[in-house]
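Chemist: Letter by letter, the chains look like this.
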Amino acid sequence: MTAIYLLKKIGILILIIWAAATLIFILPRLATSRNPIAERLGQTAGAAGYLSQNAAEMVKAWEAKFGLDQPILRQYWNHMKDLATLDFGYSLAFYPSKVKNLISGALPWTLCLFGTATLISFLLGSLAGALLAWPKSPKFLQYTLPIVLTLSAVPYYLLGLVLIFLFAFTIRIFPLYGGHSIGVVPNLSLSFLVDALRYSVLPGLAIILAGAGFWSLQMRGTMVIGLGEDYINYASAKGIKERNIFYRYAVRNALIPQVTSLAVSLGQMISGAILVEVVFGYPGLGTLLLKAVSSFDYNLLSGIVFVIILIVAVATFIIDLLYPVMDPRISYKRRSA
Amino acid sequence: MKVMKSILSKLRHDNPSMLAGLILILFLFFFWLAGCAFVDTKRAQPISGLPDQRPSYQYLLGTDSNGRDIFAVMIVGTGLTLRVGFLAGIMGLGIAVILGFMSGFYGGVLDTIIKGIVDVLLTVPPLAVLVVIAAMRAEAITLNFMIILVASLSWMLPTRTIRSQVLSLRERAYISMARLSGMTGTEIIVKEIMPTLIPFLAAGFVSISSTAVLASIGLEALGLGPQSLPTLGMAIYWAISFSAMLRGMWWWWAPPVVVIIILFVGLFLIASGLDLVANPKLRRLR
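Residue numbers (my numbering), protein chains in the order written: chain D, 1 to 337; chain Z, 1001 to 1286.
FYI, nobody ran anything at the bench for these hints, they're computed from the structure.
The structure displayed is predicted, hence computed values, not measured ones.
Don't take each hint at face value.
[As the list claims (entries may be wrong)] List of simulated lysine to aspartate or glutamate pairs, EDC-like, C-alpha gap at most 20 Å:
| id | chain 1 | residue 1 | chain 2 | residue 2 |
| --- | --- | --- | --- | --- |
| 1 | Z | K1042 | Z | D1052 |
| 2 | D | K8 | Z | D1111 |
| 3 | D | K136 | D | D230 |
| 4 | Z | K1115 | D | D320 |
| 5 | D | K8 | Z | D1119 |
| 6 | D | K9 | Z | D1111 |
| 7 | D | K98 | D | D87 |
| 8 | D | K9 | Z | D1119 |
| 9 | Z | K1281 | D | D230 |
| 10 | Z | K1281 | D | E229 |
In isolation and in its complexed conformation, chain D is listed as follows (with noise of 0.2 Å):
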């Protein structure tokens, strides 16, 4: 691994945090009709059924208090101060709820649900593509290309749909909304992580089962092309065992733009993932992201967008570094150039 090629993704990794973080500073700023200070006072008067006289005074009283009266420089110094902190203020809708700590609740359900299906059926999902186009595999494989494809071409949170009304509302085998039983307070108790477990089978399955008929689709591709190639035949020419040729030769390198089109497609895959959640009502970002979303609760709302966006950098990081562990070219790349 060359210092350039570490320096360069770091180096990405600061630029996709900076604009991530500018990105929510500015968008509230541009949509001058909608002022959120005022929506939420004008909610909470409503709700109580008084509509004060000098609610214009209190406006300013209130982005005089989020430091909203100050330079626009000022104001975005605070913001990325702020910011490195992660620091998001208050949730307006769940006030006085700090956004950090709603977040931090959500966090690791929607890390464990989201990290855990998308290893599988990443492994899940190469290894079958694999399996499909080696031509030695047993021929009833074939036959289940037709259900790989249409699953791969399935968004997520549709298929959990179809998931829920199979298995939750037909045959009642898992419970149909929400991450733990009605009741119990999360904790690491083991009948607790067991119950947890349950109400993650069909949400995971959603995305194990669209994901790994995507993965395999294009491993499925890859494979063929290298299957082809001349350092296949000259394997098996000097008399190379059949299974070390699948694992070693074939496997092995269409693992490399497979773990490439990962780095690339985390972003999608988070998107979707989050949309499951809200089918589910899970108790992750995305559920937090609808609520913040339906009472415009904009604190909370840039929060977890900004912590999504977090995840999804530091992930396609990690993954970079592994990248030029599963291929040495990588390396030389640099010095030929």
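Given chain D, work out where chain Z should sit, using these hints.
Modeler: Chain Z only, in chain D's frame:
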């Protein structure tokens, strides 16, 4: 007619997946066309019928809790969703072509900047950005606004493909020949490089369309779509927020799911058919 027949038989033989995909998408298109001609599409509006009706002769696919005729919603929604895919595909492809060619053909600082933007944007989850923009908008979201929104975040991968293709084509002998014989840069791009890239451009169009439709349906499912239009994604949003599934109203949530699946499978088949054209080594699959 004879030409049609020979094209069809050639497609069936050489590229069945493209043929199957085209049939699925054309099926949806004609479903919309015929639906508009024979069914009163006003019934897709709320309170145009009785709420919560099971499928019957009067309401082929029943009605939802707001009194929309689901069959009419499917017709109008299919049309709207196809429109999102088509327009966003054209817009996104336009961006991808311009940036990809500038980056690949002219290179230099421009290439570094464009490549950097693509790399950064590829990492950012599109839905996260779209949600912020859509939520910040004060006025009701219109279909055209949503098309522009989803198109603006779905051009990155095709840009990358086009760039790398242009980069390799640029070095070919026939391009040097064209340059020596006095063709300008634009002429070379349009007359020499573009035609070779047609399968890639078509694949880019399909991929942008499907990313855009996916994003738009995702936004709608979060309630951030055009509230007054009966798109497929809004149908799913209403079905979820009125817990259609728990109430056993399969005719509410299942039809949009089926139409969306047909659409995505169709687009996917076309994309893999185009892959076969662009990448002849894949023909070993058969």
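Chemist: The structure should be examined with respect to each hint, and the outcome stated for every one.
Modeler: Here is how each hint holds up against the structure:
1. Z:K1042 - Z:D1052: holds (18 Å)
2. D:K8 - Z:D1111: holds (16 Å)
3. D:K136 - D:D230: Distance of about 18 Å is within 20 Å: holds.
4. Z:K1115 - D:D320: At roughly 16 Å apart (the allowed maximum being 20 Å), D320 (chain D) and K1115 (chain Z) satisfy the hint.
5. D:K8 - Z:D1119: Satisfied, since the Cα-Cα distance of roughly 12 Å is no more than 20 Å.
6. D:K9 - Z:D1111: holds (18 Å)
7. D:K98 - D:D87: holds (9 Å)
8. D:K9 - Z:D1119: Holds. K9 (chain D) to D1119 (chain Z) sits at ~10 Å (cutoff 20 Å).
9. Z:K1281 - D:D230: holds (13 Å)
10. Z:K1281 - D:E229: holds (10 Å)
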